[in-house]
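Trainee: Spelled out, the chains give:
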Amino acid sequence: MSKYKGILKENLWDNNPVFVQILGICSTLAVTNNLTNTFIMTLSVIFVAGFTNFTVASIKHLIPGKVRMIIQTLIISFFVIIVDLLLRAYLPDISKSLGPYVGLIITNCIIMGRAEVFAQSNNPLISLWDGITTGLGYMWILMAIAFIRELLGFGTLFGISVMPEGFQTWTIMIMAPSAFFILGIAIWIINNIRLSKESSK
Amino acid sequence: MEKNSMTYTAIFSFIITFILVFLLTLTYIGTKDRVSEYNKNYEISAILKAIGVKFKDEEVQKQFKSIFNLDLPTNKTMIGKINGEDILVSKFSGKALWGTVTGIIAMDKNLKTIKGIGIISHNETPGLGGRIEDSWFLKQFRGETINKNMIKVVQGSGSGNYNFNDGIIDGIVGATRTSKSIEVMINQKIKSLREEVGNE
Chain A
1 MSKYKGILKE NLWDNNPVFV QILGICSTLA VTNNLTNTFI MTLSVIFVAG FTNFTVASIK
61 HLIPGKVRMI IQTLIISFFV IIVDLLLRAY LPDISKSLGP YVGLIITNCI IMGRAEVFAQ
121 SNNPLISLWD GITTGLGYMW ILMAIAFIRE LLGFGTLFGI SVMPEGFQTW TIMIMAPSAF
181 FILGIAIWII NNIRLSKESS K
Chain B
1001 MEKNSMTYTA IFSFIITFIL VFLLTLTYIG TKDRVSEYNK NYEISAILKA IGVKFKDEEV
1061 QKQFKSIFNL DLPTNKTMIG KINGEDILVS KFSGKALWGT VTGIIAMDKN LKTIKGIGII
1121 SHNETPGLGG RIEDSWFLKQ FRGETINKNM IKVVQGSGSG NYNFNDGIID GIVGATRTSK
1181 SIEVMINQKI KSLREEVGNE
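Residue numbers (the working numbering), protein chains in the order written: chain A, 1 to 201; chain B, 1001 to 1200.
Honestly, the hints are just simulated from the structure, not real lab data. A hint or two may mislead.
Quick list of the computed label-pair ranges, beta carbon to beta carbon [what the hints assert, rightly or not]:
hint: 1; chain 1: A; residue 1: Ile190; chain 2: B; residue 2: Phe1164; range: 34 to 40 Å
hint: 2; chain 1: B; residue 1: Leu1024; chain 2: A; residue 2: Leu91; range: 15 to 21 Å
hint: 3; chain 1: A; residue 1: Trp140; chain 2: B; residue 2: Phe1018; range: 37 to 43 Å
hint: 4; chain 1: A; residue 1: Gly159; chain 2: B; residue 2: Lys1152; range: 29 to 35 Å
hint: 5; chain 1: B; residue 1: Glu1037; chain 2: A; residue 2: Ile187; range: 43 to 49 Å
hint: 6; chain 1: B; residue 1: Ser1005; chain 2: A; residue 2: Asn15; range: 15 to 21 Å
hint: 7; chain 1: B; residue 1: Gly1160; chain 2: A; residue 2: Leu157; range: 18 to 24 Å
hint: 8; chain 1: B; residue 1: Lys1076; chain 2: A; residue 2: Trp140; range: 37 to 43 Å
hint: 9; chain 1: B; residue 1: Thr1145; chain 2: A; residue 2: Leu91; range: 36 to 42 Å
hint: 10; chain 1: A; residue 1: Leu8; chain 2: B; residue 2: Ile1011; range: 49 to 55 Å
hint: 11; chain 1: A; residue 1: Leu157; chain 2: B; residue 2: Gly1198; range: 37 to 43 Å
hint: 12; chain 1: A; residue 1: Ser199; chain 2: B; residue 2: Ile1011; range: 51 to 57 Å
hint: 13; chain 1: A; residue 1: Phe167; chain 2: B; residue 2: Glu1196; range: 44 to 50 Å
In silico negatives: residues of chain A with every beta carbon more than 10 Å from chain B [to be verified]:
hint: 14; residue: Ile7
hint: 15; residue: Lys9
hint: 16; residue: Gln21
hint: 17; residue: Ala30
hint: 18; residue: Leu43
hint: 19; residue: Phe47
hint: 20; residue: Ile75
hint: 21; residue: Ile81
hint: 22; residue: Met163
hint: 23; residue: Glu165
hint: 24; residue: Phe181
hint: 25; residue: Glu198
hint: 26; residue: Ser199
Yeah, the Cβ is synthetic: ideal placement off N, Cα and C, and Gly gets one too.
Chain A on its own, in the form it takes in the complex (with noise of 0.2 Å):
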């Protein structure tokens, strides 16, 4: 049990995916600027990086190791296509709203990175846990920037009004760079944390 709890906060905090690896920082860009849109997104995230990983360990036996990365690309976009299919069906005002961000999670590095460190070495279950950990860790960073972007940019929360009346809402926090600016701090502030932890153990 205390295996599952380490890589919990392995993925969460000590070796993030986004501020520590510094993995998947386009979509973090791209996708933040309104918490709705942020969520499913990172929802979807956490279910491809989970099965995917649970899949890859599965059958690693059976991968020839020619092929190995290939074929990992393959289960990730099997199971995008997936989502991307439901969301379809099921959330479409939403995905008409991700656009093409949804099918671009094939290319986020974060889920072939844990493919081939976590899951081509480990059993099938700690796998699937590896992914959604992972997938969390990611949730967590992206909807915390998500909230100031949206908060600031559109004055609003999952889209309902919170901000006073009269206030001016800020253009820059809508755009992209706003999210280079507020992750750039954040990984300042989080490192920061992080090495006098270690620095006064």
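Given the coordinates of chain A, work out where chain B should sit on it, guided by the hints.
Mentor: Chain B alone, transformed into the frame defined by chain A:
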């Protein structure tokens, strides 16, 4: 069989591709009807919204028929009647920043006022150009009198220009190219509608 041999690799790749594609096909078939039904209703809803008709989701097709006397939207100019007034409804499309934008425009039959516009599909950046779908942007067109057969999309305050006599629309802040493309598309459509109606 040797796991790294050519034959094993080929057979393995074939089998796994076959299984995954098979499952994808099943999912596609399972959701196809829902998606096409949604798309059909989506276009009708966009038209009804553009002309400012209130509608219930279950009755969009019926309401559409009562106004236009058509079962499904066509690509030609459609003539409908609301409150005894004839309106022309037509699809427009054109290139914007990332891809084609398709929408519909409703005008009075003298082509002097825009009754409303709606967006059917686009590939613009979510949160930037994608906001052409937002109601604050689209509402600016409702009842807009066109000026010298044109509308103008300008850089404004970003909250919308609701003076309906000047033919001026506020563009979207941060999405200048998309806003400009909308202006070009709509002006082209107005021009082609004038030719079609014969500029009476």
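Trainee: Work down the list of hints and note, for each, if the structure agrees.
Mentor: A quick look at each hint next to the structure:
1. Ile190(A) with Phe1164(B): 34 to 40 Å: violated (50 Å)
2. Leu1024(B) with Leu91(A): 15 to 21 Å: At roughly 19 Å between Cβ atoms, Leu91(A) and Leu1024(B) fall inside 15 to 21 Å, so the hint holds.
3. Trp140(A) with Phe1018(B): 37 to 43 Å: holds (38 Å)
4. Gly159(A) with Lys1152(B): 29 to 35 Å: holds (30 Å)
5. Glu1037(B) with Ile187(A): 43 to 49 Å: Once the Cβ atoms are compared, 45 Å apart, the range 43 to 49 Å for Ile187(A) and Glu1037(B) holds.
6. Ser1005(B) with Asn15(A): 15 to 21 Å: violated (37 Å)
7. Gly1160(B) with Leu157(A): 18 to 24 Å: At 22 Å between Cβs, range holds.
8. Lys1076(B) with Trp140(A): 37 to 43 Å: violated (51 Å)
9. Thr1145(B) with Leu91(A): 36 to 42 Å: holds (39 Å)
10. Leu8(A) with Ile1011(B): 49 to 55 Å: 39 Å Cβ-Cβ, so the 49 to 55 Å window is violated.
11. Leu157(A) with Gly1198(B): 37 to 43 Å: Hint violated: Cβ distance 52 Å, outside 37 to 43 Å.
12. Ser199(A) with Ile1011(B): 51 to 57 Å: holds (55 Å)
13. Phe167(A) with Glu1196(B): 44 to 50 Å: holds (46 Å)
14. Ile7: Consistent with the label, Ile7(A) stays out of reach of chain B, its closest Cβ about 27 Å off (over 10 Å).
15. Lys9: Given that every Cβ of chain B is farther than 10 Å from that of Lys9(A), nearest at about 33 Å, it holds.
16. Gln21: holds (25 Å)
17. Ala30: Check fails; 8 Å does not lie beyond 10 Å.
18. Leu43: holds (16 Å)
19. Phe47: holds (14 Å)
20. Ile75: violated (7 Å)
21. Ile81: Violated: least Cβ distance 6 Å, not greater than 10 Å.
22. Met163: It holds; Met163(A) is separated from chain B by about 14 Å at its closest Cβ, greater than 10 Å.
23. Glu165: holds (13 Å)
24. Phe181: The claim holds: Phe181(A) sits with its nearest Cβ about 15 Å from chain B, beyond 10 Å.
25. Glu198: Given that every Cβ of chain B is farther than 10 Å from that of Glu198(A), nearest at about 37 Å, it holds.
26. Ser199: For Ser199(A), whose nearest Cβ neighbour in chain B is about 40 Å away, the distance exceeds 10 Å, so it holds.
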